[in-house]
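Colleague: Knowing the structure of chain A, use the given hints to seat chain B on it.
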Amino acid sequence: MDIGLHQIWGIVRYEALMQWRRRTLIVLFGFFVVGIIGLSTLIDSSRTVLNRMTAVQFEADRVVIRYENVATGAPVEQVLTGDAAALVPRWFANVDMTTFQTTWEFLLLLVPGVLVLLLAIPPLVAEIIPLDSQYRIRELLAAAPLAQRDYLFGKVFSLWIGTGVGLAISTVIVAGYVHVRYGPVDALLIVRFWAVLMLPVALIMSGYAVLLGGLARTRRTAVFIGIALLAVSLLVANGTIITAYVSNPLFVSARDAGSAAGTYESLIVDMFNGAVNGAIPFAVALVGVWVLVWGVLRWKAEGS
Amino acid sequence: MDKKRYSFAWRRARAHMGVWQPVLSIIGMIGIGLLANANDPTARIIGLSAVAGIGAMVAGVQAAFIFAPADEPALELVLSAPRPVAYLIIERLIVLAALNGAAALVGSAAFPLLAPSLARSIEVGDQLLRWFPPFVCMTGLGLALGIITKKSAFGVLLVILLVGAMLFGGPGVLTALVEWGWVAHLFLPPEAFTADQILINRALLIAIGAALIAYSIALSREGESHLSAAVNAG
Chain A
1 MDIGLHQIWG IVRYEALMQW RRRTLIVLFG FFVVGIIGLS TLIDSSRTVL
51 NRMTAVQFEA DRVVIRYENV ATGAPVEQVL TGDAAALVPR WFANVDMTTF
101 QTTWEFLLLL VPGVLVLLLA IPPLVAEIIP LDSQYRIREL LAAAPLAQRD
151 YLFGKVFSLW IGTGVGLAIS TVIVAGYVHV RYGPVDALLI VRFWAVLMLP
201 VALIMSGYAV LLGGLARTRR TAVFIGIALL AVSLLVANGT IITAYVSNPL
251 FVSARDAGSA AGTYESLIVD MFNGAVNGAI PFAVALVGVW VLVWGVLRWK
301 AEGS
Chain B
1 MDKKRYSFAW RRARAHMGVW QPVLSIIGMI GIGLLANAND PTARIIGLSA
51 VAGIGAMVAG VQAAFIFAPA DEPALELVLS APRPVAYLII ERLIVLAALN
101 GAAALVGSAA FPLLAPSLAR SIEVGDQLLR WFPPFVCMTG LGLALGIITK
151 KSAFGVLLVI LLVGAMLFGG PGVLTALVEW GWVAHLFLPP EAFTADQILI
201 NRALLIAIGA ALIAYSIALS REGESHLSAA VNAG
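Taken in order, these protein sequences are the chains called A and B.
Residues 1 to 304 (the working numbering) are what the first sequence spells out, left to right.
Residues 1 to 234 (the working numbering) are what the second sequence spells out, left to right.
In isolation and in its complexed conformation, chain A is listed as follows (with noise of 0.2 Å):
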């Protein structure tokens, strides 16, 4: 093996043990997980007061739902015509409403918890770098010698990696919590939603804290480094997930009811593009605070 990827692979492996020595990522996943299981009593809150639809099926001339009665839980069926028929979504006939309704209280349950999260990252992670230098470790590997790109590349995936199996572990607890407690979900949309949603903005963010707060010498000013990136946090939900909350399938349909075209899969499609396009600009820019951070430690390094 070449040998910096070598030394790569050292750091992520003694970054790896590090973070589970500090218990910083359990306690991070830990609180995401609880918190998402907290706020799914919301949706013993709404399953009390809104009837549950079963089914719609669409005629020559109307539009039959069926809803399972939220007090008795009789089957009640609603027959609507003319203008109110017209804004029931088209889509509504091809999806199992059971598990269509399901996945969708969950998924909104999802958007603040992710929320948090962001938030949580920066003044946790901050630490990671500014932490060698506390327990003169960077000396140590100054000595060795390691380049600063490899010594950045292995703190930075190692955190990516950490984040990656503690999001994706976390969310098989939660999903399956509600899987088990409210009904089916549909598991490949939650896959998606954590591939092209969840991850993309964990892992942005803690790139940020990771190579921001390298610039620090204690855990200290690396504590504050992350808690100014708070903003940034926002900044990166807001363009993101806040987008894709707000163009979810079910508030598109009710919002553009009536005038919606388009599939569930295409009404899907659009909301992970605007999310995607929203974090474009925050990993672009990341790129930038990386190669900014490796020159100011090559510069640093050199100096000292």
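Don't read these hints as lab results, they were simulated from the structure.
Fair warning: this is a prediction, and the values are worked out from it, not measured in the lab.
Treat the hints loosely; a few may be bogus.
As the list claims (entries may be wrong) - Pair ranges (Cβ atoms, derived): (1) B:G169 x A:R47: 20 to 26 Å; (2) B:G125 x A:L235: 35 to 41 Å; (3) B:E123 x A:L250: 43 to 49 Å; (4) A:T98 x B:A86: 58 to 64 Å.
Said to hold, decoys possible - To spell it out: a stretch of chain B is covered by chain A in this simulated footprint if at least three of its residues, at any positions, have a beta carbon under 8 Å from a beta carbon of chain A; those stretches are: (5) 147–153; (6) 209–221.
Claimed, not checked - Residues of chain B clear of chain A, computed beta-carbon distances all greater than 10 Å: (7) S7; (8) R11; (9) G31; (10) P73; (11) S80; (12) Y87; (13) I90; (14) S117; (15) V156; (16) L157; (17) I160; (18) G164; (19) E179; (20) A184; (21) R202.
We put the CB at the ideal spot given by N, CA and C, even for glycine.
Modeller: This is chain B only, laid out in the frame that chain A set:
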């Protein structure tokens, strides 16, 4: 035998706590006052809780740094010195209270001038009464979490999340979960609750904060575990 007396190290305590956070606190209060007067919707949500909200958050964040063993420089020396660690915590707490009290006073005096449309009739004393209970509560929480978790980041995070959620969510954040949730809300609006409810709420917040501060001082005696956290990277 004479009881041993130890002196306080005020200059060191002031240097450790720093003055720029309370300065930021004043800037934040003034900024929200100006924005609220300009009808900014976010600033209007915070409204009259600006002084209490910003003041409590900054104090809680600072408190998390008072004594977090893994972040404490030269902890071995501090623990091996004859002066109890409790002195260090108390002197830093006093510095924190003085700096943040001054910031709250300036913010309370400036807020009605900057946001007359919102706070024309609010007295400075009234603003300080709104600020003090959440200030004590968040100071206790930040300090306790710093000592229990051994590092400041967890305390910082929880203080920011709690203050943010209650500031923007209003009393409904807690009362939606449980009917009597108002008792523990940090920024209960006096105009929406009875005088008795406000009194109970403020007394409880102060009691929680004071209990957490006392517990933190008691925990400061566990030198072995603090040292272990400091040498094992927290």
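Colleague: Work down the list of hints and note, for each, if the structure agrees.
Modeller: A quick look at each hint next to the structure:
| no. | hint | verdict |
| --- | --- | --- |
| 1 | B:G169 x A:R47: 20 to 26 Å | holds, 22 Å |
| 2 | B:G125 x A:L235: 35 to 41 Å | holds, 38 Å |
| 3 | B:E123 x A:L250: 43 to 49 Å | holds, 48 Å |
| 4 | A:T98 x B:A86: 58 to 64 Å | holds, 60 Å |
| 5 | 147–153 | holds (count 3) |
| 6 | 209–221 | violated (count 0) |
| 7 | S7 | holds, 25 Å |
| 8 | R11 | holds, 19 Å |
| 9 | G31 | holds, 13 Å |
| 10 | P73 | violated, 8 Å |
| 11 | S80 | holds, 20 Å |
| 12 | Y87 | holds, 21 Å |
| 13 | I90 | holds, 20 Å |
| 14 | S117 | holds, 27 Å |
| 15 | V156 | violated, 5 Å |
| 16 | L157 | violated, 5 Å |
| 17 | I160 | violated, 7 Å |
| 18 | G164 | violated, 8 Å |
| 19 | E179 | holds, 14 Å |
| 20 | A184 | holds, 16 Å |
| 21 | R202 | holds, 27 Å |
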